[in-house]
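S.K.: So the protein sequences, as listed, match chains A and B. Per my numbering, the very first residue in the first sequence carries number 1; after that it's consecutive. Per my numbering, the very first residue in the second sequence carries number 1; after that it's consecutive.
Be aware that a few hints might be false.
[As the list claims (entries may be wrong)] In the DSSO-like style, the derived pairs of lysine-lysine whose C-alpha atoms are separated by at most 30 angstroms in a straight line are:
(1) B:LYS206 x B:LYS324
(2) A:LYS41 x A:LYS14
(3) B:LYS14 x A:LYS227
(4) B:LYS324 x A:LYS206
(5) A:LYS16 x A:LYS117
(6) B:LYS206 x A:LYS41
(7) A:LYS14 x A:LYS206
(8) B:LYS14 x A:LYS206
(9) B:LYS14 x A:LYS41
If you're looking for bench data, these hints aren't it; they were derived computationally from the structure.
Here's the letter readout for the chains.
There are 2 protein chains.
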Amino acid sequence: MAYSIAIERTSAPKTKPEVSRIGFGTIFTDHMFMLDYETGKGWHSPRVVPYQPITLDPAAKVFHYGQTVFEGLKAFKTADGAISLFRPDMNFRRLNRSNDRLSIPPLDEELALAGLKTLIGVDADWIPAEEGTSLYIRPFIIATQPTLGVAPSRNYLFMIILSPVGAYYAEGINPVKIHVESDYVRAVPGGVGNAKTAGNYAAGLKAQEEAPQGYSQVLWLDGVHRKYIEEVGSMNMFFKINGKVVTPALNGSILEGITRDSMIRLLTHWGVPVEQRQISIDEIAEAHRDGTLEEAFGTGTAAVISPVGELHWQGEKLVIGGGKTGELSARLYDTLTGIQRGTEPDPFGWMVRL
Amino acid sequence: MAYSIAIERTSAPKTKPEVSRIGFGTIFTDHMFMLDYETGKGWHSPRVVPYQPITLDPAAKVFHYGQTVFEGLKAFKTADGAISLFRPDMNFRRLNRSNDRLSIPPLDEELALAGLKTLIGVDADWIPAEEGTSLYIRPFIIATQPTLGVAPSRNYLFMIILSPVGAYYAEGINPVKIHVESDYVRAVPGGVGNAKTAGNYAAGLKAQEEAPQGYSQVLWLDGVHRKYIEEVGSMNMFFKINGKVVTPALNGSILEGITRDSMIRLLTHWGVPVEQRQISIDEIAEAHRDGTLEEAFGTGTAAVISPVGELHWQGEKLVIGGGKTGELSARLYDTLTGIQRGTEPDPFGWMVRL
Ligand SMILES: Cc1ncc(COP(=O)(O)O)c(C=O)c1O
Ligand SMILES: Cc1ncc(COP(=O)(O)O)c(C=O)c1O
């Protein structure tokens, strides 16, 4: 199906930054995609316009009741100069699952993808080509009806903005140190933990801030028993114990990470067993004690794979793999980034070329 | 302390609505209050300006990570034509507690109150005088730094908007029917349930939408045991069982309602015993069965007191007090609204005159 997407080009293109200074999420491209929703009319008026501030009534529901969802995915300049997206269909499908949880009307996933492709076509020059860089894509929906009172909005705005990025963590692919949180809780079954919605992230800021120095990220435990491993800020967790890979099962309170899914597929493809199940922090501490905790790593679009060199749990420091990047973590990182840059075969057809 | 608050008056005042049609939260006055925050500079530039849309970068953190808090309070035109606020100090104190939980820098509560008074002075003509009406006041803070990446914002905007209102529920003071939620969960200890932040409300929309017909509100149970009573959408709950009043204790996952506090003080003042403790839904069902569940009501700024005529729990309908407003609920409602309108003595000094 062909969609008619209006394009208004900027008359004042910005200067592109030096790649060495792009960081993460601070620089945006010249254009953005917009799509409006109105009850009775549906989603309408898809358009690419110059990147610019948006104007909202101060009573817009997003400010008061947090009715909003988002996604995060990446586009790459491949080795042969083409542009490709990593599993974008998965992100728009997840966006619709988040929409459902937040009582936001579903989006036409194909229109969203068509909008994204059009936008990237217009801002193609902004995609960095250097190793470790990419174009981070942030689709999001906000409730705009200017009415106080807790009820779903009648109006929404869907947008996509683009940011050329380098490494998400200052550490890059170097191992990070993570504090296991025992006071604060991120999500609980029956809540919105498996939706990609703003409130989940706001809830985590305080724990991050209070984590002991040197631990920039926190590992969440479940909110009911306070002992099962959930996930990290914006990463799913994997552990290699005694040759086997384990990762928390999708239990309704963690995000269904697309990188997580990709890792499970790669590992299975390689013949490495992966278990998706409940994992208690005690099991991890015990595996550490008896020397069978071989590797730990987080997975997420922004960080790709982030080896965990140390877990801090109730005053104890569990150093993992001598604080170095494990072999399997490195292999997964190399393979995934290779697929994304087109230097490795793509056995699952994950890359979508523009 | 005197603050210097700039005032810019509108040159195009709006037509004021007929009181019979004001509803709740759809009409806003001619002006609003604004105050900016910047790391290193602090809160600055307090000002009253014409009510108008605000302009934000699409990357503003509030849209993505939900770093935002709000309050809700009311101003009244009293019987003698004066204007007074109900316990505004409590709201700004709670706002700062919410700020703390959401990693937002604290606000000068006196400046906020001075800003509110200045704003109300400018829009004094907007306060309706009819019985059952008031001026609803919505202070809120949003994170405005235009950077992706989960971390506290370096910039914030504090605003106050005003809306002349009538009854919050279509039912008015008539009893509402409430569905006891058994699938979805609003909050859990360690989370943000006791902060007044947007994400808590977004999380509840789906349950409200899926509640059986005729039940516009849901009563939340705790997220750990799924059996202790928490609160309703935007009200704290009270039950009268066998002559005693009980209300859930402040456990970290419910909001510390200011109306709740006021009811407890009034009841204690009258010599009616009030227990703040865990209350299971089974206890309520049992009290209903043995005929000792005399009254149930919700309390909140918007709804004041809302008698509950029926609870719907696992297919069973627990009709309370014959579905009619109970004697104690009515007395509390009459006393509180009397204090607010200045027709009843104000033994606790709750009303703040402008
Ligand atoms: C809470 C949370 N968990 C996990 C992830 C990883 O998901 P994905 O691999 O799809 O980026 C993210 C980031 O998107 C996240 O925000
Ligand atoms: C979740 C929640 N509970 C309870 C209340 C009642 O609090 P208050 O009496 O301060 O309005 C509110 C409304 O403010 C609320 O949003």
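S.K.: The structure should be examined with respect to each hint, and the outcome stated for every one.
M.R.: Taking the hints in turn, this is what the structure says about them:
1. B:LYS206 x B:LYS324: Holds, at roughly 28 angstroms.
2. A:LYS41 x A:LYS14: Since the Cα atoms of LYS41 (chain A) and LYS14 (chain A) sit roughly 35 angstroms apart, the hinted pair is violated (cutoff 30 angstroms).
3. B:LYS14 x A:LYS227: This hinted pair is violated, its Cα atoms lying about 56 angstroms apart.
4. B:LYS324 x A:LYS206: 44 angstroms, violated
5. A:LYS16 x A:LYS117: Cα-Cα ~20 angstroms, so holds.
6. B:LYS206 x A:LYS41: Holds. LYS206 (chain B) to LYS41 (chain A) sits at ~22 angstroms (cutoff 30 angstroms).
7. A:LYS14 x A:LYS206: Status violated; Cα separation ~35 angstroms.
8. B:LYS14 x A:LYS206: Between LYS14 (chain B) and LYS206 (chain A) the Cα gap is close to 42 angstroms, so the pair fails against 30 angstroms, i.e. violated.
9. B:LYS14 x A:LYS41: 28 angstroms, holds
In summary, the numbered hints that this structure violates are 2, 3, 4, 7 and 8.
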